[in-house]
Structures are given as structure tokens and as C-alpha cells.
Amino acid sequence: MDAIDRRLLDDYQHDLPLSSDPFNEIGEHLGISADEVIARLHHLRQGGAVSRVGAVVKPGTAGASTLAAMAVPPVWLERVAALVSGYAEVNHNYQREHRLNLWFVVAAVNREAVGMVLDDISRRTGLEVLDLPMQQDFHIDLGFGLQWT
Amino acid sequence: MTQHLDSIDSAITVDSIDSAITVDSIDRAIIVATQDGLPLVARPYDAVAEQVGISAVEVRARMRAMVEAGSIRRIGVVPNHYALGYGWNGMSVWDVADDDVMAAGAAMTALGFISHCYQRPRLPPHWPYNLFAMVHARDHGAAQVLVERIALALGGMNRGHRVLYSTRILKKTGLRLTG
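In order, the protein sequences belong to chains A and B.
For the first sequence, the residue numbers in the numbering used here are 1 to 149.
For the second sequence, the residue numbers in the numbering used here are 1001 to 1179.
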């Protein structure tokens, strides 16, 4: 990753131009062509440094979501984790160090649909699923500062 | 309810879930069409327009309106903390009195290194914590330092906390809505 890649990552987390050819505008700022901007972003995405280039949507805007937690007996963890990850509505699923050892985010079209997924997981596993929906969201409008050290 | 906590830092916003802005079906189609990111082509909004069935001018106008309304927070490059070496994903959780939640959330966010801070319900007896803040760091020690800084910022508002480190990522995709 060179200095231009770092600038792409640092300087364009906000305000991607809403113009017909945004990558051309970025290229003009960085002194490279639009094609090179696109090629570099492709490369950063393939390498995993960039998850996507697009909109970050406020939670609850176009659907409902919740954070769910389960205390899964360790011997069952693999099977339960695979079952949970199998739902299209589950978009993050982490094993964490706690009695509540499985944490995942469920997103669906509305609150009812989220509840149906939680109920289904509980019914299929015979385990309780804690439902921890966001009530308030504190955020800083400046993106995440990366330390290039 | 959306409030800007001007007294602390004008960049900090707090959104209640009840404030969710309802978007119409075309806005929703734009969000669904772009949830995996904009296509990396010379004219990305043209490609979105084609998929949604409206003009690119309307796509951009609607996205701009969603940014202004706050339903889109930002449009840009979304870094992947893991791949960048911020592999210690600690979910710090805090028990703060209900009356202190606004001040505590603002104080945490003002530290500048927390990507998300959410209030969630307590579920006694299983779960006593009501404020969640993700901490991303390069290693365990660096993550602990950040957690200590949060504890310092909360002072007496902190009635108890812990950090749940992720031992494994079992699935990770972006926010995904079915069209």
C-alpha cells in the first residue's frame, strides 16, 4: 500500500462526489486518472483493506435490526454457529469470550421479521436468544481515523 | 429524535431508534442496490439508475437528500478494520444509570476512537450492561489502553464494565436487506 492508497482510504471515507464521474474528481485531487482510482479501489477491495465504496446508512432507515446473544454449550458451538450463519438475515456473527459466547446481528425488513428469525433460531436450537436492539446511537460524524504507523 | 450535542462536540450526534426516517420505496431500492457498494466503474450512479429504473440524476438527487436528512450518514470508502491490522475487535459494555446515558454516550464518542456507541436494553439477570462501544486496536494491550481511557472519561458514571473480545469471526457481510 503506497501513499496514494492511504490517501484514498483516509480522505474519502466521506463525501464521495455525487457527480456523474466521481472517480474522475478524486483522480484530479490525487493527480492520477479516473481509471487508476478505480483500479486502486478494486485492488484495495480485493486485498481486503476496503470492504466497499458506498453509502453508510443509518440503522433503522430501510429495515430493522438487532444484536442477538446466546449462551451456547461449547460442545454445540460449531453446529449452532453454522445454523445461525446460515440465515440470510444474519450479517455479523462472532464468537466472543463470555458465557454469552455467540453474538450476531439480525437485519430484516421490519421488527416482526427480525423477531421471527430470533424465534426460529431459538426453536431450532432449544436455546434462549437474547434480543438487544439499539435504543440510541451515539456517533461521531468524522469516520474512523487510521494511524499509519 | 436526533440531537446534536453542541455543548460537548458539534460533531457528535445521537439518534434514537424511534427517529428512524422512513424512506420511500425508490430510496429503499437505491439502498438495496448499493448495499454491497457502488460499482467501481467510471459512472457508478448510472449503473445504480439502471438497476432501480430511474435516471442517474434522480439517483444522485435522492442520495443527496438522504445525506441531508441523515438517513445516509456518509458516502465513501468503507475501510475494513481487520484487514488493516485492527484485528482486536473488543466489544466494551458498560452499566450506566439511565439518567447518565446521554452524558456517558457523548463522553465516549467524544474520545474519537470509538466507531459505534449504542444504548441497548439491560436484560437482567442475563445481561446488566446498557452501553456498547466497539474498540478496534492492533493488539490486546492497545485495546486495553483504549478501554481504560473510556473508563477514565466516564468516571463515576461507570457502575461496571467488561470487554468481550471476539475469538472468531463466523460470518461478516455488510448490512444486507432483501429487496
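Keep in mind that the hints were calculated from the coordinates and are not lab data.
Where is the CB? At the ideal position from N, CA and C, for every residue including glycine.
Be a bit skeptical, because a hint or two may be false.
Okay, the calculated beta carbon distance ranges per label pair [unchecked claim]:
1. B:L1123 / A:G126: 15 to 25 Å
2. B:I1026 / A:G126: 22 to 32 Å
3. B:A1110 / A:A113: 19 to 29 Å
4. A:Q46 / B:A1061: 44 to 54 Å
5. A:S20 / B:P1125: 55 to 65 Å
6. A:E97 / B:P1121: 20 to 30 Å
7. B:P1121 / A:G126: 16 to 26 Å
8. A:E36 / B:P1124: 48 to 58 Å
The hints, checked one at a time:
For L1123 of chain B paired with G126 of chain A, a C-beta distance near 19 Å keeps the hint of 15 to 25 Å intact. At roughly 43 Å, the beta-carbon separation of I1026 of chain B and G126 of chain A lies outside the given 22 to 32 Å, and the hint is violated. Distance hint for A1110 of chain B and A113 of chain A: a CB-CB separation of about 35 Å, inconsistent with the stated range 19 to 29 Å. Here the CB-CB span from Q46 of chain A to A1061 of chain B is close to 32 Å, at odds with the stated 44 to 54 Å.
Range check, S20 of chain A to P1125 of chain B: about 57 Å between beta-carbon atoms, so the 55 to 65 Å window is met. The hinted window of 20 to 30 Å between E97 of chain A and P1121 of chain B holds, with their beta carbons roughly 22 Å apart. With their beta carbons about 24 Å apart, P1121 of chain B and G126 of chain A fall inside the hinted range of 16 to 26 Å. In this structure, E36 of chain A and P1124 of chain B meet the distance hint of 48 to 58 Å, their C-beta atoms being roughly 56 Å apart.
This entry does not satisfy hints 2, 3 and 4, going by the numbered hints stated previously.
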